[in-house]
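Engineer: Sequence:
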Amino acid sequence: MINVKIGWFTSAGGEGSLGLFESTLNAINARNINGSISFVFINKDYGENKNSDKFMDIVQHNKIPLITFSSKKFKESNKKNWSELRSNFDHKIINLLDDYTVNIAVQAGYMLIAPLLCKHFTTINIHPALPGETIGTWKKAIWDVIEKKSYETGAMVHVSTQKVDEGPVISFGRYSLNDENFREEWKIIERMSIKEIKDKYGEDLRLFNLIRQKGLIFERKLLSETLARISNNQISLKNNNPVDLSASIS
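First residue of the sequence shown? That's 36 in the working numbering, and the numbers climb one at a time after it.
These are calculated hints, taken from the structure and not from any lab test. Just so we're clear, the structure is a prediction, and the values are computed from it rather than from any experiment. Backbone N, C-alpha and C define an ideal beta-carbon position, used for all residues, glycine too. Mixed in with the good hints there might be a few duds.
[What the hints assert, rightly or not] Straight-line distance between alpha carbons at most 30 Å, and here's what the computed DSSO-like set of lysine-lysine pairs gives:
id : residue 1 : residue 2
1  : 127       : 110
2  : 273       : 222
3  : 108       : 184
[Claimed, not checked] For each label pair, taking beta carbons as the anchor points, the in silico distance ranges come out as:
id : residue 1 : residue 2 : range
4  : 227       : 130       : 49 to 59 Å
5  : 97        : 131       : 12 to 22 Å
6  : 117       : 248       : 28 to 38 Å
7  : 226       : 96        : 42 to 52 Å
8  : 108       : 185       : 33 to 43 Å
9  : 186       : 113       : 22 to 32 Å
10 : 166       : 267       : 41 to 51 Å
11 : 38        : 150       : 50 to 60 Å
12 : 71        : 49        : 17 to 27 Å
13 : 57        : 148       : 48 to 58 Å
14 : 113       : 184       : 37 to 47 Å
Work out the full structure: start from the sequences and follow the hints.
Structural biologist: Below, the structure is given as C-alpha cells:
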C-alpha cells in the first residue's frame, strides 16, 4: 500500500469534471483511496465562469491548495496561436506547482493538450470510450455510439502522453445501453441515419442525454476504483495488461 499524493488538473467546465473530483474526494475521505489531493490546478481565474467559480469554492471549502492560471487571458495577452503558446503556458504551470510533490497527476476534464505536463508529471486521464474506440470529446464518443447502434460502451483510464487519448490504458469498464430505460429510445431512431438524427434532434435527443448521464456516473466509479487500486498496489502505471473493472463498478 502506498500513500498516493494526487495533483488534480481540470478546466472545471461543468458537472462532469466536478463529479469526478467530488467522487474521488469522497473515496479518499472514506479511506477507499489511500492518499490525498495535494493541489488542484484550474486553467481559469475566478470570475471567468460560474461553473469554475463553483468548483474553486468547493476546493477551498475542503482546504485543498488551489492554483489558477487563465489560459484564455494568457492567449489574449500574447496574441499568438495556441500552438505557439502551449509550451510557454505549461512552463508557467510547472513553475507555479514547483513547491508541490505528487506521485500522480489526474487530468479530469482538463481541456488543454499539455505535452510538457505529461513529461513533468506521471499523469492519468479518464476517457469516455473503450480502448480502440472514439478518440476525442465525450460528445463525439456518444454520437459514435449512436451511429453504430452500439448497445454497450464504457470508459477507460490511461496514462497521458503527447498523443491525445492514445497513452497506455491501465483500466477500463463496460456498461450496457440496452436496459429498459434505453430500449424505447433506440426504437425511435432505429431507421434513421446519423445525419437525420442530428438534424431532427441534435443534443436534445433523449438517448444522447441518457447515455451522457449513465457515462458520468460510471466514469466517477471507474476513476475512484482505479485510484484505489493504484494506492493498494493492485494496478501499476507500467502495466501492459489493462485491468477490466466492469464487475467491480457495475
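Engineer: Next step is simple, just say for each hint if it's right about the structure.
Structural biologist: So, going through the hints one by one against the coordinates:
At most 30 Å may separate the alpha-carbon atoms for a hinted pair to count; residue 127 and residue 110 meet this at roughly 13 Å. Restraint check for residue 273 and residue 222: the C-alpha separation of about 43 Å exceeds 30 Å, so the hint is violated. A hinted pair counts as satisfied when its Cα atoms are at most 30 Å apart, and residue 108 with residue 184 does not qualify at roughly 41 Å. As the Cβ distance of residue 227 to residue 130 is approximately 52 Å, the hint placing it in 49 to 59 Å holds.
Judged by the Cβ atoms, the range 12 to 22 Å given for residue 97 and residue 131 holds: they are separated by roughly 20 Å. The hinted window of 28 to 38 Å between residue 117 and residue 248 holds, with their beta carbons roughly 31 Å apart. Checked against the given bound of 42 to 52 Å, the beta carbons of residue 226 and residue 96, roughly 50 Å apart, stay inside it. One distance hint, 33 to 43 Å for the beta-carbon pair residue 108 and residue 185, holds here, with the actual separation near 40 Å.
Distance hint for residue 186 and residue 113: a CB-CB separation of about 47 Å, inconsistent with the stated range 22 to 32 Å. For residue 166 and residue 267, the Cβ-Cβ distance of about 23 Å falls outside the hinted range of 41 to 51 Å, so the restraint is violated. Distance hint for residue 38 and residue 150: a CB-CB separation of about 29 Å, inconsistent with the stated range 50 to 60 Å. With their beta carbons about 25 Å apart, residue 71 and residue 49 fall inside the hinted range of 17 to 27 Å.
The given range of 48 to 58 Å is broken by residue 57 and residue 148, whose C-beta atoms sit roughly 25 Å from each other. For the pair residue 113 and residue 184, the beta carbons lie near 45 Å from each other, so the given range of 37 to 47 Å is met.
In summary, the structure is inconsistent with hints 2, 3, 9, 10, 11 and 13 from the numbered list given earlier, while agreeing with the others.
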